[in-house]
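Participant: The numbers in the working numbering rise by one with no breaks, and the one at position 410 of the sequence shown is 408.
Hints listed in this document are in silico derivations from the structure and should not be mistaken for laboratory results. Treat the hints with caution; some may be incorrect.
Stated by the list, open to error - Simulated crosslink set (BS3-like; lysine-lysine; CA at most 30 Å straight-line):
1. 160 x 213
2. 334 x 323
3. 213 x 121
4. 283 x 195
5. 186 x 121
6. 289 x 334
7. 186 x 264
8. 121 x 99
9. 91 x 27
10. 289 x 264
11. 323 x 264
12. 289 x 32
13. 32 x 102
Everything numeric in this text was worked out from a predicted model, so none of it was measured.
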Amino acid sequence: MTKYVFVTGGVVSSLGKGIVAASLGRLLKNRGLKVTIQKFDPYINVDPGTMSPYQHGEVFVTDDGTETDLDLGHYERFIDNNLNKYSNVTTGKIYSEVLHKERKGEYLGATVQVIPHITNMIKEKIMRAATTTDSDIVITEIGGTVGDIESLPFLEALRQMKADVGAENCIYIHTTLVPYLKAAGEMKTKPTQHSVKELRSIGIQPNVLVCRTEKEIPDSMRNKIAQFCDVEPEAVVESRDAESIYDIPLLLQKQGLDDFVLNHFKMTAPAADMTEWADMLHTIKNLEGTKKIALVGKYIELQDAYISVNEALRSAGYVYNTDVKVTPVQSEDITKENVAEKLAGFDGVIVPGGFGDRGLEGMIVSIQYARENNVPFLGICLGMQMASIEFARNVAGITDATTGEVHPDAKHKLIDIMSDQIDVENMGGTQRLGLYPCKLKPGTKTADAYDNQSVIQQRHRHRYEFNNEYRDLLTDKGLVFAGTSPDNRLVEVIEIPENKFFVAAQYHPEFLSRPNKPEGLFKAFIGATI
């Protein structure tokens, strides 16, 4: 029978419960178990697809085209599994599906209520995560903080799961804070005690406490927490700030968290072989070279807006024993007059995805600088579209080339809305989303980046595409269309062969990068800077 691990958070947000869930998933996977992870988000949006990056950070896209929380990026990078639509569920999605069933009369005239209809739907999503992946263990993280009104239906569903599947088949892990007060010179357990009290009032007794702390928790304090929170002393796990997030699996393993979980489930499995992971960490902590990359984007004020891009760049650096330092540069601040000053000293330039007209001209100027000065350049999604426009304006002589997203009535729309998007009115979940094949042109830098495969699979999230009316003209001027859809209708990758590295992709390669298996384009991009 499938086993269920439920991860909640208390006291404050941003305790790293997503990293704890992902780290435990990695340990259990390395013990030979099939693991999947899911995240429940209490907000009422159906998904984060229409949310501002400043509100939510990055929108991570899965193979099946689901727009999800950025924590799913952590999950995939840690456990190296491709997740699906059951891996991220919001309050909005739950209510939407319940109301859809109600409108169809599937509740047979019953009064639709939070209990049992909403909680049953939540439990169904937990079960589906297990059945669709045939997993031995499902790890479910509940977003928000215990005590929030928004998360109560999810916590009630978790409470009911114990009766539904049996106490021996589910375990509750609560992440909490043990703060250190400098004025008093001591750590305090009271916030943890009160957080557990709040969780108990809902009907959930945690089995494990993961305590975020600045300093080591002494045995006396560990025993105190165990006594007041009614857990075993070995179930009080310390989570201190680490040099790298990839330290966390090894730190949790050292404290026996995976052993405790499997003992609770009465499961036996070989010890997790973390040799490869430890070797990766040794590389991360002993990098010799340094390369500086300018990330020219629109949402640079929030680090989480480009988290997968940043991780992919750093992971690519590990291959070359190089510390990749990413500096965000606000594209709105870049002009023709100051671009040389803004981008001076960088070894490479990357322009990632985005939407809307703000900062586009600064991106185009930055791309022109990289092209003319032979600075390695990688464009992603919007970055590919702006690279196409830059080439059209400054090489092909189409000075008024633009994008239909911003200027729908322009004469030269080098980037235009996809034909199947013209009549789409709703914004949410209606873009070209998910995994699509891309045919690569032999002999290109792009093909070389992917070990000369003829076709690759990549994830997309866009509504606009390259306008094929301009393909022949730009080809004549030296632009190479290195990747297209298999039917040759959609442009996926462009490159300039004369440059050291000038490649831009319509897809999002960062979503398939792993810390120990960097994605091909990122690896080639960083390699060009060495």
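Participant: If a hint holds in the structure, say so; if it does not, say that too.
Facilitator: Taking the hints in turn, this is what the structure says about them:
Between residue 160 and residue 213 the CA atoms are separated by roughly 34 Å; this puts the pair beyond 30 Å, and the hint is violated. For a cut-off of 30 Å, the pair hint linking residue 334 to residue 323 stands: about 25 Å separates their Cα positions. For the suggested pair residue 213 and residue 121, the alpha carbons sit about 37 Å apart, so the restraint of at most 30 Å is broken. With a C-alpha separation of about 40 Å, the suggested pair residue 283 and residue 195 falls outside the 30 Å cut-off, and the hint is violated.
At most 30 Å may separate the alpha-carbon atoms for a hinted pair to count; residue 186 and residue 121 exceed this at roughly 35 Å. Distance restraint check for residue 289 and residue 334: the Cα-Cα separation of roughly 25 Å lies within the 30 Å cut-off, and the hinted pair is therefore satisfied. With a C-alpha separation of about 34 Å, the suggested pairing of residue 186 with residue 264 is violated against the 30 Å cut-off. A C-alpha spacing of about 16 Å is found between residue 121 and residue 99, which places the hinted pair at or below 30 Å, so the restraint holds.
Taken as a hint, the residue 91 and residue 27 pair is honoured in the structure, with Cα atoms around 29 Å apart against an allowance of 30 Å. Restraint check: the Cα-Cα separation between residue 289 and residue 264 comes to about 48 Å, which exceeds 30 Å; the hinted pair is violated. Our distance criterion of 30 Å between C-alpha atoms is broken by residue 323 and residue 264, whose separation comes to about 45 Å. With a C-alpha separation of about 37 Å, the suggested pairing of residue 289 with residue 32 is violated against the 30 Å cut-off.
The hinted pair formed by residue 32 and residue 102 fails the criterion: a straight-line CA distance of about 36 Å is larger than 30 Å.
Violated hints, listed in ascending order, are 1, 3, 4, 5, 7, 10, 11, 12 and 13; each of the other numbered hints is respected by the structure.
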